[in-house]
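Quick note, the sequences are listed as chains A and B, same order.
As numbered in the working numbering, residues 1 to 418 make up the first sequence, in order.
As numbered in the working numbering, residues 1 to 303 make up the second sequence, in order.
It should be emphasised that the hints constitute simulated quantities derived from the structure, not laboratory data.
For clarity, every value in this text was computed on a predicted model and none was experimentally measured.
By construction, the Cβ of each residue, glycine as well, lies at the ideal position given by its N, Cα and C atoms.
Among the clues, some could well be false.
As the list claims (entries may be wrong) - Think about it this way: if two alpha-carbon atoms lie no more than 20 angstroms apart in a straight line, the pair counts; the simulated EDC-like pairs of lysine to aspartate or glutamate are: (1) B:K56 to A:E410; (2) B:K50 to A:D153; (3) A:K85 to A:D31; (4) A:K273 to A:E309; (5) B:K176 to A:D241; (6) B:K203 to B:D268; (7) B:K56 to A:D241; (8) B:K176 to A:E238.
Unchecked claim - Computed footprint of chain B on chain A, listed as stretches where at least three residues anywhere in the stretch have a Cβ under 8 angstroms from a Cβ of chain B: (9) 100-110; (10) 240-249; (11) 338-351; (12) 395-409.
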Amino acid sequence: MKTDHTELLRFTTAGSVDDGKSTLIGRLLYDSKSIFEDQYEAISQTSSKRGEEGVNLALLTDGLKAEREQGITIDVAYRYFATPKRKFIIADTPGHIQYTRNMVTGASTANVALILVDARHGVVEQTRRHSFIASLLQIPHLIVCINKMDLVDFKEDAYQKIKEDFQSFSHRLDVKDIDFIPMSALLGDNVVDKSKNMDWYGGSTLLYSLENVHIGSDNNFIDCRLPVQTVIRPYNDEFHDYRGYAGRIAGGVWKKGDKVTVLPSGFSTTVAKIDTFDGELQEAYPPMSVTLLLEDDIDISRGDMIVRENNQPEMTQDIEVMLCWFNERPLQPRGKYTIMHTTKEARCMIKEVRYRLDINSLHRDEDDKEIKMNDIGRVLLRTTTPLFVDSYRKNRITGSIILVDEQTNETVAAGMVI
Amino acid sequence: MSSTYQLNHLRELESESIFVLREVAAQFENPVLLFSGGKDSILMVHLAVKAFYPAKIPFTLLHVDTGHNFQEALDYRDALVERLGAKLVVGSVQEAIDSGMVREETGFNATRNFLQTAVLLDSLEKGKYDAALGGGRRDEEKARAKERFFSHRDEFGQWDPKNQRPELWNLFNGRKQYGEHFRIFPISNWTELDVWQYLAVEKVELPSLYFAHEREVIHRDGMLLATEGGLIPVRDDEQVNTMMVRCRTIGDITTTGVWESNAATLDDIIAEVSMARQTERGGRADDKRSETAMEDRKKQGYF
Numbered sequence: 001m002k003t004d005h006t007e008l009l010r011f012t013t014a015g016s017v018d019d020g021k022s023t024l025i026g027r028l029l030y031d032s033k034s035i036f037e038d039q040y041e042a043i044s045q046t047s048s049k050r051g052e053e054g055v056n057l058a059l060l061t062d063g064l065k066a067e068r069e070q071g072i073t074i075d076v077a078y079r080y081f082a083t084p085k086r087k088f089i090i091a092d093t094p095g096h097i098q099y100t101r102n103m104v105t106g107a108s109t110a111n112v113a114l115i116l117v118d119a120r121h122g123v124v125e126q127t128r129r130h131s132f133i134a135s136l137l138q139i140p141h142l143i144v145c146i147n148k149m150d151l152v153d154f155k156e157d158a159y160q161k162i163k164e165d166f167q168s169f170s171h172r173l174d175v176k177d178i179d180f181i182p183m184s185a186l187l188g189d190n191v192v193d194k195s196k197n198m199d200w201y202g203g204s205t206l207l208y209s210l211e212n213v214h215i216g217s218d219n220n221f222i223d224c225r226l227p228v229q230t231v232i233r234p235y236n237d238e239f240h241d242y243r244g245y246a247g248r249i250a251g252g253v254w255k256k257g258d259k260v261t262v263l264p265s266g267f268s269t270t271v272a273k274i275d276t277f278d279g280e281l282q283e284a285y286p287p288m289s290v291t292l293l294l295e296d297d298i299d300i301s302r303g304d305m306i307v308r309e310n311n312q313p314e315m316t317q318d319i320e321v322m323l324c325w326f327n328e329r330p331l332q333p334r335g336k337y338t339i340m341h342t343t344k345e346a347r348c349m350i351k352e353v354r355y356r357l358d359i360n361s362l363h364r365d366e367d368d369k370e371i372k373m374n375d376i377g378r379v380l381l382r383t384t385t386p387l388f389v390d391s392y393r394k395n396r397i398t399g400s401i402i403l404v405d406e407q408t409n410e411t412v413a414a415g416m417v418i
Numbered sequence: 001m002s003s004t005y006q007l008n009h010l011r012e013l014e015s016e017s018i019f020v021l022r023e024v025a026a027q028f029e030n031p032v033l034l035f036s037g038g039k040d041s042i043l044m045v046h047l048a049v050k051a052f053y054p055a056k057i058p059f060t061l062l063h064v065d066t067g068h069n070f071q072e073a074l075d076y077r078d079a080l081v082e083r084l085g086a087k088l089v090v091g092s093v094q095e096a097i098d099s100g101m102v103r104e105e106t107g108f109n110a111t112r113n114f115l116q117t118a119v120l121l122d123s124l125e126k127g128k129y130d131a132a133l134g135g136g137r138r139d140e141e142k143a144r145a146k147e148r149f150f151s152h153r154d155e156f157g158q159w160d161p162k163n164q165r166p167e168l169w170n171l172f173n174g175r176k177q178y179g180e181h182f183r184i185f186p187i188s189n190w191t192e193l194d195v196w197q198y199l200a201v202e203k204v205e206l207p208s209l210y211f212a213h214e215r216e217v218i219h220r221d222g223m224l225l226a227t228e229g230g231l232i233p234v235r236d237d238e239q240v241n242t243m244m245v246r247c248r249t250i251g252d253i254t255t256t257g258v259w260e261s262n263a264a265t266l267d268d269i270i271a272e273v274s275m276a277r278q279t280e281r282g283g284r285a286d287d288k289r290s291e292t293a294m295e296d297r298k299k300q301g302y303f
């Protein structure tokens, strides 16, 4: 099997309980021949034990005991399959309202979001919510999967109506690329194989779209950012004076000889070498993990950021974010939390809640501003020390933060810098 | 701007794992890398070497030893430790049995697999390790599909799958109370095929067990088990045959099924894995005990 040109694509799936999401994933795995015999045998046994007709592909995504007992998905589950063209990572997230946090988690690293719509019910509140979250998390590509077309006799009208309904609100979203595919996950129409029941549809199947959607520009190749993770000092004779700054490139294309500035100190120097175990690199770009060697001896430690002299992030203690709240204990106005941003940690205070967002209607509530679990709101934070931030729209890595409860150490919120 | 600046999937997975390994070195005081001699832990060590080059890996290696090992796996382990100049700590199940900390199972399908959990937790406590790096992958088993990169464990080493910390972007929250620890899974997103492809690309040396060789085996419950060392009692109605086999995973002899195979090189193995119709854990007797065997063991502190 050839592997040199296989790209990695991460996508997230969102849908309500009965949209057939599990069946769709099962279908993708089954028809792309990613299911093993022992897995298939196990679900076929379970299907017959439950008295179901045929083999229930949805069982392939069945997770924990607690979930099976309640018949719902509690947590994000990751699944994998590959075609000769791409390797896919699916973040399978539960759709009900109380699990907005899971959807946000799955969406944070995705290139593509699949939004499932039941062809019989059309665009519903959840469709809008899922689409909004995909937009908020800046997933570059949306694929609206209009499922259960078999139950509306594969009629084009049903498809067109849903497409128009969706477009009537999606112009308010911030998504570059939206595609609509009519399908039946149960019967396999337009998932991997082209449907024989919908001649009127000239577009591609879901798998074809996933294999061909352009993800080459999903990373930021313009603004050079390297958050320093750790300093590599070998302390041996061979590498006596070696001092390397290790990190994962969060933006920009880097070359030896580049003029760089180190934040927060502001000292400028030049890239002497981009080092790796496999030798020196001529160029480095996201999301590579590298080690930078600099011409001058500057005091640099974890949490510092190396950037280009003439292109710097904002260095600020006042950070405005869209915050998604994850914890049962609501956001405490004026409360203090640990804030994690790239490789830097600080403390912060909630200075002001500007508004709470109704994620179904996108209405901004400026009166009831209590931010509870699964709520999203616009919040102003004040940090103890300056952070080096970009807007989330510009860079998903340098524009994102999480808040950690100082007593319980739980991750209580995720924020996107505005 | 696009295709020139696009990593292939193996390099992207490598970069992600190196990022996680470096986060562990930065966020924890005393991390340990669990080393079983299996291909996933060999991959982990290889990635750790790359992450901290040219410095030494900043992790102690911990081998939870059931005493039922394939000799090749032990030889490989010792040679690797020597080459890296790393520190190796062995947590011995045999000693735990001798001291009465755990009791041995009996019967035809007896295994020390379940005893590993107690020994692992004991070793972590004795060494005061605050993070244990493991080679678990999400594609292995359904309970693992929901595992985090940074997986929080309470003071009893237990996993609470319903109350996991959300993990977003590149932000890993390793904060904990005294006495708690983390299990860290840097290769979460790799599949079995990715691992083999990468080991081949990187030309990593592997124990000979992974390649086809002649071995005495018996058929039991749809699996082939190695009879070496007399650890698996042969029933009267079972017949010992010599076959060409190889391991797809390496663990305790009593639970590691072997597979009929003629794969002599990594390329043969990759071809075989791409065509395989059974998951690699299909050969693990420990998972076959019940539908939720892995989930139950993980909650108690197993890897």
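Taking the hints in turn, this is what the structure says about them:
1. B:K56 to A:E410: violated (32 angstroms)
2. B:K50 to A:D153: Given that 20 angstroms is the threshold and the Cα spacing comes to 56 angstroms, the pair is violated.
3. A:K85 to A:D31: holds (16 angstroms)
4. A:K273 to A:E309: holds (17 angstroms)
5. B:K176 to A:D241: At roughly 35 angstroms apart (the allowed maximum being 20 angstroms), A:D241 and B:K176 break the hint.
6. B:K203 to B:D268: holds (14 angstroms)
7. B:K56 to A:D241: holds (15 angstroms)
8. B:K176 to A:E238: The given pair, whose Cα atoms are some 38 angstroms apart, is violated under the 20 angstroms limit.
9. 100-110: Check passed, 6 qualifying residues.
10. 240-249: Answer holds; 4 residues pass the 8 angstroms Cβ test.
11. 338-351: Our answer is that it holds, as 5 residues pass the Cβ test (under 8 angstroms) against chain B, meeting three.
12. 395-409: holds (count 7)
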